[in-house]
Amino acid sequence: MNETFIIMRREFSSFFATPVAYIFIAIFLVMSGVFTFLIGDFYARGQADLLSFFNFHPWLYLFLVPAISMRTWSEERKSGTIELLMTLPFTTLQIMLGKFFAAWLVLGTCLLLTFPLWISVNYLGDPDNGIILSAYMGSWLMSGAFLALGICMSALTKNQIIAFMLAIVISFLFVLAGSPVVLDTLQHWAPNLVIDTVASLSFLTHFQDISKGVITLNDALFYLIFIVVCLYAGYVIIEQKKAN
Amino acid sequence: MILVENLTRKFGHHTAVNNLSFEIKSGDIVGFLGPNGAGKSTTMKMLTGFLPISSGSISIDGLDVDKNAIKVKHKIGYLPEGAPAYPDMTVYQFLHFIAAARKIPRKERALAIDSVVEKVALASVLNKSIENLSKGFKRRVGIAQALIHDPDILILDEPTDGLDPNQKHQVRKLISALAETKIVIVSTHILEEVTAVCNRVIIIADGEKRFDDTPLALQQRSKYHNAMTIKLSYMADISGLLELPGVADLKHDKDTKRVTIFSEEQQDITAIIQDYVHKQNLPVDLIFPEQGRLDDVFREITRSQVAEGEVS
Numbered sequence: 001m002n003e004t005f006i007i008m009r010r011e012f013s014s015f016f017a018t019p020v021a022y023i024f025i026a027i028f029l030v031m032s033g034v035f036t037f038l039i040g041d042f043y044a045r046g047q048a049d050l051l052s053f054f055n056f057h058p059w060l061y062l063f064l065v066p067a068i069s070m071r072t073w074s075e076e077r078k079s080g081t082i083e084l085l086m087t088l089p090f091t092t093l094q095i096m097l098g099k100f101f102a103a104w105l106v107l108g109t110c111l112l113l114t115f116p117l118w119i120s121v122n123y124l125g126d127p128d129n130g131i132i133l134s135a136y137m138g139s140w141l142m143s144g145a146f147l148a149l150g151i152c153m154s155a156l157t158k159n160q161i162i163a164f165m166l167a168i169v170i171s172f173l174f175v176l177a178g179s180p181v182v183l184d185t186l187q188h189w190a191p192n193l194v195i196d197t198v199a200s201l202s203f204l205t206h207f208q209d210i211s212k213g214v215i216t217l218n219d220a221l222f223y224l225i226f227i228v229v230c231l232y233a234g235y236v237i238i239e240q241k242k243a244n
Numbered sequence: 001m002i003l004v005e006n007l008t009r010k011f012g013h014h015t016a017v018n019n020l021s022f023e024i025k026s027g028d029i030v031g032f033l034g035p036n037g038a039g040k041s042t043t044m045k046m047l048t049g050f051l052p053i054s055s056g057s058i059s060i061d062g063l064d065v066d067k068n069a070i071k072v073k074h075k076i077g078y079l080p081e082g083a084p085a086y087p088d089m090t091v092y093q094f095l096h097f098i099a100a101a102r103k104i105p106r107k108e109r110a111l112a113i114d115s116v117v118e119k120v121a122l123a124s125v126l127n128k129s130i131e132n133l134s135k136g137f138k139r140r141v142g143i144a145q146a147l148i149h150d151p152d153i154l155i156l157d158e159p160t161d162g163l164d165p166n167q168k169h170q171v172r173k174l175i176s177a178l179a180e181t182k183i184v185i186v187s188t189h190i191l192e193e194v195t196a197v198c199n200r201v202i203i204i205a206d207g208e209k210r211f212d213d214t215p216l217a218l219q220q221r222s223k224y225h226n227a228m229t230i231k232l233s234y235m236a237d238i239s240g241l242l243e244l245p246g247v248a249d250l251k252h253d254k255d256t257k258r259v260t261i262f263s264e265e266q267q268d269i270t271a272i273i274q275d276y277v278h279k280q281n282l283p284v285d286l287i288f289p290e291q292g293r294l295d296d297v298f299r300e301i302t303r304s305q306v307a308e309g310e311v312s
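Chains as they are written, first to last, in full-length UniProt numbering: chain A, 1 to 244; chain B, 1 to 312.
It should be emphasised that the hints constitute simulated quantities derived from the structure, not laboratory data. Watch out, some of these pointers could steer you wrong.
To spell it out: a stretch of chain A is covered by chain B in this simulated footprint if at least three of its residues, at any positions, have a beta carbon under 8 Å from a beta carbon of chain B; those stretches are [what the hints assert, rightly or not]:
#, segment
1, 70–81
2, 84–91
3, 135–146
In silico DSS-like links for lysine-lysine, alpha-carbon gap of 30 Å or less [stated by the list, open to error]:
#, chain 1, residue 1, chain 2, residue 2
4, B, Lys-128, B, Lys-67
5, A, Lys-78, B, Lys-75
6, B, Lys-67, A, Lys-242
7, B, Lys-251, B, Lys-223
8, A, Lys-158, B, Lys-10
9, B, Lys-67, A, Lys-241
10, A, Lys-78, B, Lys-10
11, A, Lys-241, B, Lys-10
12, A, Lys-242, B, Lys-135
13, B, Lys-103, A, Lys-78
14, B, Lys-128, A, Lys-158
15, B, Lys-251, A, Lys-241
16, A, Lys-242, B, Lys-251
17, A, Lys-78, B, Lys-71
18, A, Lys-241, B, Lys-71
19, B, Lys-119, A, Lys-241
20, A, Lys-241, B, Lys-209
21, A, Lys-242, B, Lys-223
22, A, Lys-158, B, Lys-135
23, B, Lys-71, A, Lys-242
24, B, Lys-168, A, Lys-78
25, B, Lys-135, A, Lys-241
26, A, Lys-78, B, Lys-67
Just so you know, even glycine gets a beta-carbon here, dropped at the ideal spot from N, CA and C.
Using the sequences provided together with the hints, build the complete structure.
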């Protein structure tokens, strides 16, 4: 546990040692503002909630999380620091978790910094803050799933750009799987079982209730298992590829 | 103690390290030599637990590297090839991270960092980002992180690569000064480094061990070991030298007017030659003993076997 914490601390401070984290946070905040107010019609809806904010999170994460995750392993392998890191008395699992939690904490920080929205909505009306809190938690959990997938892609290649593209494309598949476009196309010919499976793998489907502030065990488990599976896949890949 | 038995590592069809066995005891400073691609770095990566072993075994102080990876890693200080370090950290932050990773107790960390910073002279760049350091400083940061926990075993992959002669001298002095109870393994391309620092030489080529003995024994392999060179002021009849007991051959260099006298079985012929020169009143300006020529020996050791391999 202590080892994971040491790695997490190094990774977290390395995000802030370069402009990466600051630029990322700035873009995140601007984008979430744009989505909420311009596209989500925050005012026009006339409701004191943050649904128009949370609704766009899957699309926000789709592009932004890969930018955070792409460097995780690619950079270590490219610069050779992976050899230094893995000959320190750490296990690969500790390193993997340390890296994941550090980046997840950056994403958490981004979410926390959207607090002016929460203040606004409380100023304008009388929202259910419990719902908002659980939506925040759920959104953070979902960002972890995007992140774990991105980290797994980063383990695959030394090239950060390739890691970034792969993460976007595969995340996109998981987001899209639950969208009407895909499901309507499937409806005509695929059996219900297939449609249900595809829909159940979608980030969108599992976020629908969460964005309304309802975290079901089903949705939470989906994201947790998704995180575990991706990190484990990344672990296997790194064990195989670390020396190449 | 490091015990390596039948160590083999394959990358696909390519065998990088083939059936390598050796034993290293405390107090050994081993020079690990070989041509590029001989398997030096691969062997070091397996010793440090970075690369899994294809077959064979490595045990360090009786612990198997595969099964007790974490315990073994605690015992080793390792400078990987190219001295990688996190560029965005300052030297101090980096050493602090390594100290924490090496489980140096919180209270002793500052002390450990101070001591290692002094050893490799890093005080002037302590608060600079590693990416802004010169090659020499980067290498020294790499050495510092390997030394910080005072490990029993120090494995340095090309520690003097890219250093200027002063820095090289400093690093060699540092290695020699390490306690006699430690094991140090240094890989290098520079042959004189081995005679200057090490008390044992292991040469590998094509993943196989070719030589494992003292640096002196390596020099003795050279035809030039215990040979004498004399410089004549003008041409004179020196054929009599060949008749002397212990003299095997003469080599005459007309341009420099120097004659190199090779001895039989590399015995010491200094006294005999001096005596002869004196008695015959040969016009000798200069007389000096030759050192073994390591470059030649190295080439011979790493090449002759390749030729043999091609025949068989």
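Cross-check of the supplied hints:
1. 70–81: It holds, with 3 qualifying residues against the three required.
2. 84–91: n = 7 at 8 Å, threshold three: holds.
3. 135–146: violated (count 0)
4. B/Lys-128 to B/Lys-67: 39 Å, violated
5. A/Lys-78 to B/Lys-75: 27 Å, holds
6. B/Lys-67 to A/Lys-242: At roughly 19 Å apart (the allowed maximum being 30 Å), A/Lys-242 and B/Lys-67 satisfy the hint.
7. B/Lys-251 to B/Lys-223: 12 Å, holds
8. A/Lys-158 to B/Lys-10: 22 Å, holds
9. B/Lys-67 to A/Lys-241: 20 Å, holds
10. A/Lys-78 to B/Lys-10: 22 Å, holds
11. A/Lys-241 to B/Lys-10: 14 Å, holds
12. A/Lys-242 to B/Lys-135: Status holds; Cα separation ~25 Å.
13. B/Lys-103 to A/Lys-78: Roughly 27 Å separates the two Cα atoms, so the pair holds.
14. B/Lys-128 to A/Lys-158: At roughly 27 Å apart (the allowed maximum being 30 Å), A/Lys-158 and B/Lys-128 satisfy the hint.
15. B/Lys-251 to A/Lys-241: With a Cα-Cα distance of about 54 Å, the restraint between B/Lys-251 and A/Lys-241 is violated, given a limit of 30 Å.
16. A/Lys-242 to B/Lys-251: 53 Å, violated
17. A/Lys-78 to B/Lys-71: Between A/Lys-78 and B/Lys-71 the Cα gap is close to 27 Å, so the pair holds against 30 Å.
18. A/Lys-241 to B/Lys-71: Within the cut-off at roughly 23 Å; holds.
19. B/Lys-119 to A/Lys-241: 35 Å, violated
20. A/Lys-241 to B/Lys-209: 27 Å, holds
21. A/Lys-242 to B/Lys-223: 44 Å, violated
22. A/Lys-158 to B/Lys-135: 23 Å, holds
23. B/Lys-71 to A/Lys-242: 21 Å, holds
24. B/Lys-168 to A/Lys-78: Roughly 27 Å between the alpha carbons, so the hint for B/Lys-168 and A/Lys-78 holds.
25. B/Lys-135 to A/Lys-241: 28 Å, holds
26. A/Lys-78 to B/Lys-67: Roughly 28 Å between the alpha carbons, so the hint for A/Lys-78 and B/Lys-67 holds.
This entry does not satisfy hints 3, 4, 15, 16, 19, 21, going by the numbered hints stated previously.
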